[in-house]
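Going down the list, the sequences are from chains U and G. This note's numbering numbers the first residue of the first sequence as 852 and each following residue consecutively. This note's numbering numbers the first residue of the second sequence as 852 and each following residue consecutively.
Treat the hints loosely; a few may be bogus.
The list treats identical chains as interchangeable, and a pair is accepted whether it falls inside one copy or across any two copies.
As the list claims (entries may be wrong) - The list that follows gives simulated cross-link-like pairs (lysine-lysine, DSS-like), each with its CA atoms no further than 25 Å apart:
{"no.": "1", "residue 1": "Lys1087", "residue 2": "Lys1017"}
{"no.": "2", "residue 1": "Lys875", "residue 2": "Lys1237"}
{"no.": "3", "residue 1": "Lys967", "residue 2": "Lys1172"}
{"no.": "4", "residue 1": "Lys956", "residue 2": "Lys1179"}
{"no.": "5", "residue 1": "Lys1017", "residue 2": "Lys1086"}
{"no.": "6", "residue 1": "Lys1133", "residue 2": "Lys875"}
{"no.": "7", "residue 1": "Lys1027", "residue 2": "Lys875"}
{"no.": "8", "residue 1": "Lys1244", "residue 2": "Lys1203"}
{"no.": "9", "residue 1": "Lys1104", "residue 2": "Lys875"}
{"no.": "10", "residue 1": "Lys1027", "residue 2": "Lys1149"}
For the record, the hints were derived by calculation from the structure and aren't laboratory data.
2 protein chains.
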Amino acid sequence: MVNVAVLGYGTVGSGVYEVLTQNKEVISKRVGDEVNVKYVLDLREFPGDPVESVLVHDFDIILNDPEVDIVAEAMGGLNPAYKFAKATLEAGKNYCTSNKELVAKYGPELIALAEKMNKNFLFEASVGGGIPIIRPLNESLTGDNITEISGILNGTTNFILTKMDKEGSSFDDVLKEAQALGYAEKDPTADVEGYDACRKIAILSSLAYGSHVDFEDIYTEGITKITDVDFKYTKKMNKSIKLFGKSKNVNGKIYAMVAPFMIDDEHPLFSVNGVKNGILCKGPVIDDIMFYGSGAGKLPTASAVVADVIEEARYLNSHIKMVWEPEKIEIADIKTDENKYFVRVEGNADAKLAEVKAAFGEVEVVTVDDVTDEFAFITNVMAHEKYEEAAAKVSGIKQRIRMA
Amino acid sequence: MVNVAVLGYGTVGSGVYEVLTQNKEVISKRVGDEVNVKYVLDLREFPGDPVESVLVHDFDIILNDPEVDIVAEAMGGLNPAYKFAKATLEAGKNYCTSNKELVAKYGPELIALAEKMNKNFLFEASVGGGIPIIRPLNESLTGDNITEISGILNGTTNFILTKMDKEGSSFDDVLKEAQALGYAEKDPTADVEGYDACRKIAILSSLAYGSHVDFEDIYTEGITKITDVDFKYTKKMNKSIKLFGKSKNVNGKIYAMVAPFMIDDEHPLFSVNGVKNGILCKGPVIDDIMFYGSGAGKLPTASAVVADVIEEARYLNSHIKMVWEPEKIEIADIKTDENKYFVRVEGNADAKLAEVKAAFGEVEVVTVDDVTDEFAFITNVMAHEKYEEAAAKVSGIKQRIRMA
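The following block holds chain U by itself, in its conformation from the complex (with noise of 0.2 Å):
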């Protein structure tokens, strides 16, 4: 028999549990041994519920019991977290978890810390939900360089987007709507301002290239200034505006992203609408593979904590290899990095192309039949410091977004 740990009781913890109770033959079936939950920790009480025969409030009886094999973790942050993941390794037991700060933070310490216990620390759902994208950066596109991730990494930000695209509606008319979803938080910031994605396109590129991605060096743009107006052009042109998280290796430099784009119609993450998540990798052996799913809610994102679970119980004291080398990738100037990009300006395209041309040389320029008094144009591919420059030329840029 295989014991689980569940630490936390919330949207997804209790998803964790309901599928390892409810889908327990089938679980202990691919394991080859019976999984059972012994534990879950959490601060509350649940009278009624099920999971109280199994509830402790007390993290140290799961250490201490020599009968836990697997701790499974969701409560995300840093702290205690940090703390239990390290002693839950240090004592000889497997961790795994849906906790991206934890992960993006962390990772390769407790990974090393991992490797020397013979134990695992899995992290399948801290990125795209449901969606399988660790295991194969980790274990499927190993024989690649990879040179592009691309990836709509935030569920709530992209039910944002979606609407807007779809319905025409202002970005502070579908946030209310999504706050009363659900899909938003009371304060979105860390959706909206795309800290969340940041995080979790860190560590996809950590895995991709094999060291450390820091978050925090990170260029990070969110959707707050993205407009109703924007998707009139969108609409126009057969292209729509996501959250991309993105990293690419350019030549042997590493740039890595948090901003929106605006893609076309033929781009394989075009179709990834609401709150699904989408991952592209690109590399020259592997051309495009994309990875589409739910990125959030309870059941998909416990379904990749379960395959987390159930790969631990596989191999409960033999190390799953995973390359993420503590040394830090030096990330490279964001002012250097080429896009063409999508610009708005104030006032009449024949009266002010003159202008945009001394600036900006060659564009293409793009007007909506009821979109007055400012017109819009497409520039070549320009670093983001030779885009700076030129803008600062021209009077009355409202709005500028990056191509894909």
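Chain U is fixed; fit chain G onto it per the hints.
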């Protein structure tokens, strides 16, 4: 040092050799040991090719060399691949393969043999080319009872259907173009009649449901009856037609089939065009998960073989658990499989609708401006045998396509 032998120096085999040699540094880093190609087996000579230095013509040299840890096969066909696979595992070496015929027919036997020898028999490249799908099914979607797999599993037929859709061309014209481009073989039967997709959905279904799905039990319908006129209707309805390998668990009954399906533009596989493949998995816990990428081609397919080589190099002497029991799953009779049908009929809708309604009940009529002397209708959800009964009562039916 881990020594690898590659069997077959055709398209995929030469790709495997190229990736293992050109990406040797990153591959060895991910394994934690140097990975070296010691032999390539092919009956042919390749004068001037770098492979010459490791080329052998006799499999026994590989089999009898105790330094060979991993045999990576890319020959295809059952003979001699089955003999080679068995002998390799019995000799205490690991085997991986891109050979779908071998896996569909002998998968459970070779997995059991690998388990007995504490070695591995891996086959990521046998389905979906470069798309990671075997390992995710075996290691990531393990917490759920999968209820449906729908896959665009054959690049040749998807190329043909996409061209017919986008350009309005006929099946025969596009087939000739695909043959000229090397996307279709001179004898295209295995692709266009769905036999290739049939083996692939058998493999995926076996892993999803944990017991053997015999490809010979799978109802298989190809794309040779799909015409340019069908796509005039799909265009009007914002739909498309894709060849699916599909299996589903309906209240414990497992259905498996290969057939063209009409899907709408909200379907996750709608944008899988050209030679790309896409695989959608559904379950109550995972929700929808979709995998997309290059389903064929030298390097993408090689990337999957190389991922298996890396995995086997990491686990040289321990078996990676895989649940594919030899007991055959009884596939439910296609007669009881329920779908909506798209049906085209000779004649005029007004004149003929009474006859159609007498047989099918209420239907949705579809007409297209430049298609005369016929019309189409969409049925309610009905079992295949009920469809056949109703269709026998209507004269002049020219086409029927399942809808998903």
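Taking the hints in turn, this is what the structure says about them:
1. Proximity of Lys1087 and Lys1017 under a CA criterion of 25 Å is satisfied in both settings, with 13 Å inside one chain copy and 21 Å between copies.
2. In this assembly of identical chains, the alpha carbons of Lys875 and Lys1237 never lie at most 25 Å apart, being 58 Å within a copy and 38 Å across copies at closest.
3. In this homomeric assembly, Lys967 and Lys1172 come within 25 Å of each other (Cα to Cα) both inside a single copy, at 11 Å, and across copies, at 23 Å.
4. For the homomeric pair Lys956 and Lys1179, the shortest alpha-carbon distance inside one copy (12 Å) is at most 25 Å, but the shortest distance between copies (47 Å) is not.
5. Taking CA atoms no more than 25 Å apart as the test, Lys1017 paired with Lys1086 passes in both settings, with 9 Å inside one copy and 21 Å between copies.
6. When the C-alpha separation of Lys1133 and Lys875 is checked against a cutoff of 25 Å, the pair qualifies only between copies, where the shortest distance is 19 Å, while the shortest distance within a copy is 37 Å.
7. For the identical chains of this complex, Lys1027 and Lys875 are neighbours neither inside a copy (39 Å) nor across copies (52 Å), given an alpha-carbon limit of 25 Å.
8. Taking CA atoms no more than 25 Å apart as the test, Lys1244 paired with Lys1203 passes inside one copy only; the shortest distance there is 12 Å, against 69 Å between copies.
9. For a Cα distance limit of 25 Å, the shortest separation of Lys1104 from Lys875 across copies, 21 Å, qualifies, whereas the shortest one inside one copy, 46 Å, does not.
10. Taking identical chains as interchangeable, the C-alpha atoms of Lys1027 and Lys1149 lie at most 25 Å apart only when both belong to the same chain, with a minimum of 22 Å there against 49 Å between chains.
When held up to the earlier numbered hints, the structure conflicts with 2, 7 and fits the remainder.
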